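Asks: Since the structure of chain A is already known, use the hints to place chain B on it.
There are 2 protein chains.
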Amino acid sequence: MTSTAKRNTGQPTGPIADTRLRRLPERGSKDFDLACAIIDDARIAHVGFTLGGQPYVVPMAVARDDRHLFLHGSVVSRLMKNLAKGLPCCVTVTHLDGLVLARSAFHSSMNYRSVMVFGSATVVTDAGEKVRGLNVLTDQLLPGRRAELRESTRKELNATTLLRLPLEQFSVKTRDAPPDDPANETQVPIWAGVVPLTLKAGKPEAAPDMPAGIALPRYLKSR
Amino acid sequence: MTSTAKRNTGQPTGPIADTRLRRLPERGSKDFDLACAIIDDARIAHVGFTLGGQPYVVPMAVARDDRHLFLHGSVVSRLMKNLAKGLPCCVTVTHLDGLVLARSAFHSSMNYRSVMVFGSATVVTDAGEKVRGLNVLTDQLLPGRRAELRESTRKELNATTLLRLPLEQFSVKTRDAPPDDPANETQVPIWAGVVPLTLKAGKPEAAPDMPAGIALPRYLKSR
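Keeping their order, the protein sequence lines are chains A and B. According to numbering that gives the first Met the number 0, the first sequence is numbered sequentially starting from 0. According to numbering that gives the first Met the number 0, the second sequence is numbered sequentially starting from 0.
Worth flagging that the hints you see were computed from the coordinates, not collected in a lab. Worth double-checking, as some hints may not be accurate.
[As the list claims (entries may be wrong)] The calculated label-pair distances, taken between Cβ atoms and stated as ranges, are: (1) B:E184 to A:R131: 19 to 25 Å; (2) B:V75 to A:G201: 40 to 46 Å; (3) A:V122 to B:P210: 58 to 64 Å.
As the structure is a computational prediction, the values presented were derived from the model and not from experiment. We put the beta carbon where it would ideally sit given N, CA and C, even for glycine.
If we strip away everything but chain A, and leave its shape as in the complex, we get:
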């Protein structure tokens, strides 16, 4: 999958105490650029919030716009209505990059890149900004696609809630390494290493209702 290049403008504001990494600090990073790269490589995030004491974790499309994340959904969805109230939320993006096969179950692991973003979302009400934000979401789904599509109608915009979440309080965790067995176990006769995993695009499948003679767009040709 292609990453979209985005600009960064300096350093984030200080993370809150809750985002301190208490375990495995060598995997932790507050690096803003790394957080951006991980988010920009994603199509979906897992969005967590709490209602009546019950946590919910919902997969949603995500996109980054400089120092904010955009989320969107139907204005009538319970999820969007609750997030729009400014409930505290956690938006987590994870890429599973590999299975780490050590010589023991205990040292087996996974390679991954993950960002947790903490905060409260606000509704984007400005009409122009809403159009722009939804375009950012479509562009992150598939760069190049948005420019081919018609403008959204007033009715479509009214049916959609766009939320913005600051990318200020966040925590990055990654692992990208071979297995880390104790020295006295590396000589056992068991294959050890990493099985890399990648989300790969397959052959595009044309919609059954598409008229004949429409070529595959350029941005899908390398797939």
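Replies: Here is chain B on its own, set in the frame of chain A:
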């Protein structure tokens, strides 16, 4: 990636009111077998819980054992300590299966399979059951691997917390279809369809500290 076949034993207990799907009910299913298939195809879940009013969503290894999920982690991790207290949690498994390219941004979507499991975890304290549960986790990571590895030591077992969460209160949501444009838009000259996405395993990368002459195991040969 290979799914592990697991057995199902009948129907789940009734879902709680909170798991009702209020939006897009055509994508909703309470079907236990479908939930099992989605979970069995996964390596990781996103685990949500709330501490001091702040939701957290953390990626973790997951495995299913009949009507339960297993999660594990270090006994000293804050995450495991809190989950072990029986905090309400939500464990969500999602597979992103495709980009759905409609003729408009509004009708664009994604194909996916997702399960949210709600409940409270309990610590597995029985020594034999703990060994078995950790083996289930290693087997779900990569079927065939566990049998090659040495037994875990007492020290390793004592350093690990194993949690069990009932697969009783859950909600399934999936989309698996071409774009669903309004009939009056299907004739516009824009390519429309689905770009399938699959998590693919690449060529295994041997650990730098592996002795020469160790063959790739059978369960990695098709990768």
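Asks: So, for every hint listed, does it hold in this structure?
Replies: Structure-based check of all given hints:
1. A hinted range of 19 to 25 Å for the beta carbons of E184 (chain B) and R131 (chain A) is consistent with their spacing of about 23 Å.
2. V75 (chain B) and G201 (chain A) have their C-beta atoms about 42 Å apart, which keeps the hinted 40 to 46 Å range intact.
3. About 59 Å separates the C-beta atoms of V122 (chain A) and P210 (chain B), a value consistent with the hinted range of 58 to 64 Å.
The structure fails none of the hints (numbered hints given earlier).
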